[in-house]
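From these two lone chains plus the hints, build me the complex, please.
Listed below are the residues making up each chain.
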Amino acid sequence: MTPLGSIAGAVLSATPWRLDRRLEVDTRRAALSRISGAVSAMVVVGILLLLTGRNAFWILWQALDSILGSQRGIEGVALRAIPILMTALGVALSLRMKVWNIGSDGQFLMGGLAAVGVGIHMNGPGWLVLIVMAVAGTLAGAAWILVPALARAYLDVNEIITTLLLNFVAFQLVVWASLGFWRDRESAVIRSTERVPVILEKIPGAESVTIALFVPVIIAAALWWVFRSTTIGYEVDTIGGNPRAAGFAGIAVRRRIMVVMLFTGAIAGLGGMLQLSAPGAQAMNAGFSAQFGLSGFIVAALAGASFWGVMGGGVCIAAMFYAGVLLQTKGLSVYIIFASYGVILTGIALGEIAARYRLARRDTEETGTGSDAVAADHASEGAGS
Amino acid sequence: MTGDSPQPSVEARAISKAFGGVAALDAVDFEVRWSEVHALVGENGAGKTTLCNILAGIYRADAGQVIVDGVERDFRAPAHAIDAGIGMVHQHFRLVEPMTVAENIHLGWPETPGVVSQRTLIDRTERFMSEMGMHVDPTAKIWQLSVGEQQRVEILRVLARGARVLILDEPTAVLTAKEAEELFAVVRELAASGLSVIFITHKLREVLAVSDRLTVLRQGIREITRPTEGATAGEIARLMTGEERLLSVEHRVVTGESTLELRGVSALNDRGITALHNVDLTVRAGEILGIAGVSGNGQTELAEVICSLRDLQSGSIAVDGADVASMSVRAVTDLGVGHIPEDRIGMGMVLSAPLKNNAVLHNYWTEAFSQGLTLDRQEVIDFAKRLVEAARVQTRSVFATAGQLSGGNQQRLVARREALAADRLLVAAHPTRGLDVNAAQEVRATVLDKRDGGCAVLLISDDLDEVLLMSDRIAVMYEGRIMGVFDAADADREYLGLLMGGHTPAEASR
Numbered sequence: 002m003t004p005l006g007s008i009a010g011a012v013l014s015a016t017p018w019r020l021d022r023r024l025e026v027d028t029r030r031a032a033l034s035r036i037s038g039a040v041s042a043m044v045v046v047g048i049l050l051l052l053t054g055r056n057a058f059w060i061l062w063q064a065l066d067s068i069l070g071s072q073r074g075i076e077g078v079a080l081r082a083i084p085i086l087m088t089a090l091g092v093a094l095s096l097r098m099k100v101w102n103i104g105s106d107g108q109f110l111m112g113g114l115a116a117v118g119v120g121i122h123m124n125g126p127g128w129l130v131l132i133v134m135a136v137a138g139t140l141a142g143a144a145w146i147l148v149p150a151l152a153r154a155y156l157d158v159n160e161i162i163t164t165l166l167l168n169f170v171a172f173q174l175v176v177w178a179s180l181g182f183w184r185d186r187e188s189a190v191i192r193s194t195e196r197v198p199v200i201l202e203k204i205p206g207a208e209s210v211t212i213a214l215f216v217p218v219i220i221a222a223a224l225w226w227v228f229r230s231t232t233i234g235y236e237v238d239t240i241g242g243n244p245r246a247a248g249f250a251g252i253a254v255r256r257r258i259m260v261v262m263l264f265t266g267a268i269a270g271l272g273g274m275l276q277l278s279a280p281g282a283q284a285m286n287a288g289f290s291a292q293f294g295l296s297g298f299i300v301a302a303l304a305g306a307s308f309w310g311v312m313g314g315g316v317c318i319a320a321m322f323y324a325g326v327l328l329q330t331k332g333l334s335v336y337i338i339f340a341s342y343g344v345i346l347t348g349i350a351l352g353e354i355a356a357r358y359r360l361a362r363r364d365t366e367e368t369g370t371g372s373d374a375v376a377a378d379h380a381s382e383g384a385g386s
Numbered sequence: 098m099t100g101d102s103p104q105p106s107v108e109a110r111a112i113s114k115a116f117g118g119v120a121a122l123d124a125v126d127f128e129v130r131w132s133e134v135h136a137l138v139g140e141n142g143a144g145k146t147t148l149c150n151i152l153a154g155i156y157r158a159d160a161g162q163v164i165v166d167g168v169e170r171d172f173r174a175p176a177h178a179i180d181a182g183i184g185m186v187h188q189h190f191r192l193v194e195p196m197t198v199a200e201n202i203h204l205g206w207p208e209t210p211g212v213v214s215q216r217t218l219i220d221r222t223e224r225f226m227s228e229m230g231m232h233v234d235p236t237a238k239i240w241q242l243s244v245g246e247q248q249r250v251e252i253l254r255v256l257a258r259g260a261r262v263l264i265l266d267e268p269t270a271v272l273t274a275k276e277a278e279e280l281f282a283v284v285r286e287l288a289a290s291g292l293s294v295i296f297i298t299h300k301l302r303e304v305l306a307v308s309d310r311l312t313v314l315r316q317g318i319r320e321i322t323r324p325t326e327g328a329t330a331g332e333i334a335r336l337m338t339g340e341e342r343l344l345s346v347e348h349r350v351v352t353g354e355s356t357l358e359l360r361g362v363s364a365l366n367d368r369g370i371t372a373l374h375n376v377d378l379t380v381r382a383g384e385i386l387g388i389a390g391v392s393g394n395g396q397t398e399l400a401e402v403i404c405s406l407r408d409l410q411s412g413s414i415a416v417d418g419a420d421v422a423s424m425s426v427r428a429v430t431d432l433g434v435g436h437i438p439e440d441r442i443g444m445g446m447v448l449s450a451p452l453k454n455n456a457v458l459h460n461y462w463t464e465a466f467s468q469g470l471t472l473d474r475q476e477v478i479d480f481a482k483r484l485v486e487a488a489r490v491q492t493r494s495v496f497a498t499a500g501q502l503s504g505g506n507q508q509r510l511v512a513r514r515e516a517l518a519a520d521r522l523l524v525a526a527h528p529t530r531g532l533d534v535n536a537a538q539e540v541r542a543t544v545l546d547k548r549d550g551g552c553a554v555l556l557i558s559d560d561l562d563e564v565l566l567m568s569d570r571i572a573v574m575y576e577g578r579i580m581g582v583f584d585a586a587d588a589d590r591e592y593l594g595l596l597m598g599g600h601t602p603a604e605a606s607r
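Just so you know, the protein sequences line up as chains B and X, in that order. Under my numbering, the residues of the first sequence are numbered 2 to 386, in order. Under my numbering, the residues of the second sequence are numbered 98 to 607, in order.
Next up, chain X with everything else stripped away, as it sits in the complex (with noise of 0.2 angstroms):
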């Protein structure tokens, strides 16, 4: 270490952590400063929540150093961290909501008296508060507060605990604009104190507008550390998402009919905020249409409207011209539409039921199956055995459950089973997502024979170099919107990279 360069805050050497056999982090050098707001950048799934709670104490790492101001520490549990004066504020907020702000914050306080009346609680978080610079009704009930409002609870909270690292994870994800710009007041505000603020994001205009520094992680590798300035979102934007690799699958450029038509589709999230905004999309038959974009940004959505197990608020969906809105999810099944879901195990298939089962889920009532009433046991086995045989799934009999199969397995039998309800359209919806190379590399391989057999594909991934090898064209979705649908061949990826974190494309092309 020079000497002009001040003593770091954290400092975590070499830090490695495998979940299941697969490496999160890989040897991760990772230094944070005294008075500083440091942006920790990546993809999703790049490491950036596991790299920070292992300083948090939550995570042991397999191996590696945690020092704190100096001191090597071998952190057992969060408590151990806190000690060490670091707190974490996590996505989801761990906040009691029938108590007020005052109670929250002194709760499992070490410095609460024993017996303490409402008032005094009120006048030690007030006179905390004006300390901290930060406000919030004390007396409130943390129901009756804004997202915002509650995010700051939590740090305060984290912040009365003697944190003196800040750890915000993605903490503008639940935000709004106005709130977010807030928040960033804050954070500068508590580095100009002294702290040190360790800040987790994927949007690039955060980090150019919050950070003295950042850290880029890319699948569990830390691809560089640099001073904010005089850095750009595009540079960050290439080491998130990677060098270009050298991709075998030819592009199509296709024309004629659309077999999916999308106009001016809006449709609302499960907590009933807008998740799609007036999407307009195309997907011919032949072709791969990639969405690129960052999860969370309204492709469950998307793939949930297009199967009809979501509502739309307005706009129109057609699948070779039949308007899909208005019918059940069976008949949209019965169009010829497969659905990779995003949640395999949540969605697509039933744990605890046999495979034989499990691969019906989406056929079952078809007369191959089914006449009226009844269903057939025998044509259900065989097609269960087949079905088994052409996925490959590695199992003793189609009469074990679906719980009892690896994730590669579960996922090859749920993409090739929709594969062949798929007649006009498949959705495939982060179809290798947690795979590892060589069941990706099946599952793909599905995908593109179906292309390849004239059905219309949409393919959703948050990973952009799946997107960039697999699609013929791509659309790039942010906030619900579509930025932009370019051909394969025109793809940038690092205008691409800008798009997905919310650059116009006026912007991006500047």
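Isolated chain B (complex conformation) (with noise of 0.2 angstroms):
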């Protein structure tokens, strides 16, 4: 089950339908049933918006032109894709191993406030400052996993409620940064923290974009190089595609499920920092993260936990992001807005299961107790005694 089948399977649950996986996945039919996701809840959106009196033609003109028209639109793109491409790397890899890491949100906040108190106290040249925010801001994210992790690892606690509900933790810590230890004393801004003298390089030719943007595309490459030519690539695919055959061939399962479950939160850490250093950033304050992580978990679970995929669907859904900010100053409120964020959502979300599954109805011999007792019968004849 791929994590986005997993939940629509169980909304299924109480149905008398269910997902079939489809056994061969035509390439041509899965694109065409993605595409008609995409498309028709595009025109869905459409029609709302002509029903409430809008020109839904020119709305998506401005909403594409406002993104490819200029270096400012592509910049403002690649600006919001770079957190939702790092917090959904770290999801994917998860999702790899089948741990639900819904923590990148915190993660992403301890990392960009690790980074925050390195980049005020430290002195030194400018580059080096980074590098060590880099490192603390990387280890704040793992460190921010690490009781999570070793609980899922050793004491098999669900991973789910544990990080979910760290994030709201982290929260409140950078919120206490920002009004309390670390607070901006001097300026006139009262809510934020001091700020972070020191910005990561740009991109030649770039107005806002840094070097940061490079990093999400290095470490999709090397995971992907990791999981197509390693043998700890094999192992966590195993481990995540059935345990006990991981135990079988002798995998360390616990440990595995550790170091991965920490590298996950290391690159959502990384994340935070590299938000932090962007120019105009500098500083945390309670709206740092615009929901990174819940944006990356839509995108790795969309992706299906391909990393090409999570980087193609990250810069998409950055682009909608981005396109939605820009439509609200063009007089679109913010209530439709987000209603076609979630209209489009579920509409690739639908295509993406259609590729992969098929509607069954449930044979009505195998329903309540008859599947129950199928299964029972199984294990008594299996067991014996």
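Among these hints, one or two may not hold up.
[Unchecked claim] Pairwise CB distance ranges, derived in the manner of DEER restraints:
| hint | chain 1 | residue 1 | chain 2 | residue 2 | range |
| --- | --- | --- | --- | --- | --- |
| 1 | B | Y155 | X | R493 | 24 to 32 angstroms |
| 2 | X | L448 | B | R256 | 18 to 26 angstroms |
| 3 | B | S14 | X | P602 | 46 to 54 angstroms |
| 4 | B | A152 | X | M196 | 45 to 53 angstroms |
| 5 | B | L65 | X | R493 | 38 to 46 angstroms |
| 6 | B | L360 | X | W206 | 36 to 44 angstroms |
| 7 | B | I162 | X | R110 | 17 to 25 angstroms |
| 8 | B | Y155 | X | H177 | 44 to 52 angstroms |
| 9 | B | S14 | X | A176 | 21 to 29 angstroms |
| 10 | X | D123 | B | L360 | 34 to 42 angstroms |
| 11 | B | L360 | X | Q241 | 43 to 51 angstroms |
[Said to hold, decoys possible] Partner residues are not named here, just some residues of chain X that face chain B (Cβ under 7 angstroms, in silico):
| hint | residue |
| --- | --- |
| 12 | I164 |
| 13 | R173 |
| 14 | W240 |
| 15 | L242 |
| 16 | I318 |
| 17 | T322 |
| 18 | M424 |
| 19 | G443 |
| 20 | M444 |
| 21 | A450 |
| 22 | L458 |
| 23 | Y461 |
| 24 | S467 |
| 25 | T471 |
[Claimed, not checked] With the C-beta cut set under 8 angstroms, the calculated list includes, among others, these residues of chain B facing chain X:
| hint | residue |
| --- | --- |
| 26 | A57 |
| 27 | T232 |
| 28 | R245 |
Think of the hints as simulated: they come from the structure by calculation, not from any bench. Heads up, the beta-carbon is just placed ideally off N, CA and C, and yes, glycines get one too.
In structure tokens, the structure reads:
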């Protein structure tokens, strides 16, 4: 089951329908169902806009123009894409092992917070400060998932709850830092930490995009290679597919779960540092993460834990958010924009599910006690005694 | 029907049922009378549970009739069977653990009043229990009860719904000897009060101790129905396991160095109960030692301790003199130990992963594929292709997932993979279970090839025919103990059957 498939399967469990995984995924059919998912979502959004008396085509044109029409638009998308890609890559890595890290927002925040701490207190050459900030951010992200990772690996405690709840703790720590111990007391901006004096190098020719843009690309390439050509990737995929088989093969399952979870947190934490060292950011406040963890999770789930899929999906979702912000300035209300996000993501998700699964009616003979009994019967015939 | 034979309570006529094309029951006739305990006997997979599931409305028969108290019935759900007075107590209890005994008995019972106090529930439960002559504290929570008490609650629950025919599926499997004795007394009393009790078991002692009549099923076919009086354990064992077939494997007597050596091995099962008691075994290079026994008697744990997948409580295990108990799973594999696991889907493969990944599950870290961290993708693909070809796995591509293979192809792949990994020792647990004849023959040929190549083979199977066919020596396991070890030439089917049913060698040779 892909992550999306498990969610959809759970939703359907209360209905007389179930999802059957397609044994053979025909590439062209799959592409068609993905495209038709996205397109039909756009059509629904268009109809909604038309019903509210707006010109849907003009809005679509404005959205595309705002993204692709200028360097500013492209850079705006890139800036939004970096944090989303970082959290999404972390989550995608965890999903390869069927671990659901819902806490990438918290790890992202802690990465940023650690980087702020280093940046405002450390004296030295700018490049050195930035390197220490990156190390601190990475370690902080990993540290923030340490307890959930230990609990999951050695006590079988469900990581969804633990990682999710730590998001709120991280958020409150950031609020505390920006109102309390690292508060900026000199400038007029009152609800923020002090500013870090250094920023990352800009890409030549760019107005605001820094070399941070390369980091998710490098990580995606590295992860792709690890899962294609190393024993570690093989082991993680095996654990994700069947932990008992992994134990049978002599893989140290618990230790691998530990290490992979720490890496997912580390990637999100590094994302927080990258976000902090962009020009204009440089400080933390309650609005530091615009739900980047959630967006990253959506991207990873939609991409089915494929790293290049994450890259493509992350850029698309960043473009959608960027267009949404610009459309607000053109008079579209924020509610309509949020509703459109929802419809479009749902459409894409349905297209993705349709590409991998087909809907089947539950066999009448196998429902209720019947299917339980089949399982019990196999168990009893198997166990025998 | 003759005049003097009593009216049957339940009658199954020519019942057939197939699962996925495999016949579980083939035109089985079965008849139970009022006031009798009827033992339904057979090996694993003989169709006992399937037959009772049909009587209890859980399955529908593909063909045949079910007649209850003279009326033909067509059960489409368990509720219909309960309405007709048939209740089944499953091996795995269906009780709500955090609730009390009284609450469990009243759950989903149409006669439970709509609004009711705890006091009334308890009173009603106590009244009912004294009517039935069985007692469990009605205020106790289910999880506080022993397994035997839980079972009594299950029986009471079924009786409370008006069951006149009680089906007990392997009821003693979870009980201690003392609890089993208590259950026998309860069962006898229920029959004395006029009920029918169908008692599913494969333990011969129980058949003789508790039943009035017995029916033996073997591979979905009824072998016999007869009064228990006058029946001998040997006769039942022979009917259960079938007549000897003509065999064509040459059995060897191998002497020399032992490859696998177990001394005083004890181990726990997953529930923390001792599953292996002080087991001594020796397997020599170039021989097959077959473990005969009904599954669930410690065979799974035996295979797992040898492969270091399960901890020892005491004793020692050596492969070529090396103590494997202290080794990692990987180190044991590196000694040249292959393991065809009993649960090929749950343990032996990753169904969601491509065949190429499954092909190297037990050797991906070796030098052939890996230099330190890297995994040579092309080498893995080539190996998988060779394996698929050698094992004659039918698939279009090594990139297809293992889940897309049929069960026979999955097992051929696992068997061949493990045979390749096994230089010194192959542990084969139920290697042909669930396979059709051809697939089973191919897997057997793979195992025999290993033996002829000088590998030691430990063959675990609950199919006595298979053990007799393949083994050079045979050990019988019962409740975690080795009941005896024999050369294949001296093995006597009936005698083995008695040992598998829990008779000691002294009792069996009497």
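Checklist entry - When the hints from earlier in the document are held up against this structure, which numbers fail? => result 1, 4, 7, 12, 13, 14, 15, 16, 17, 18 and 26
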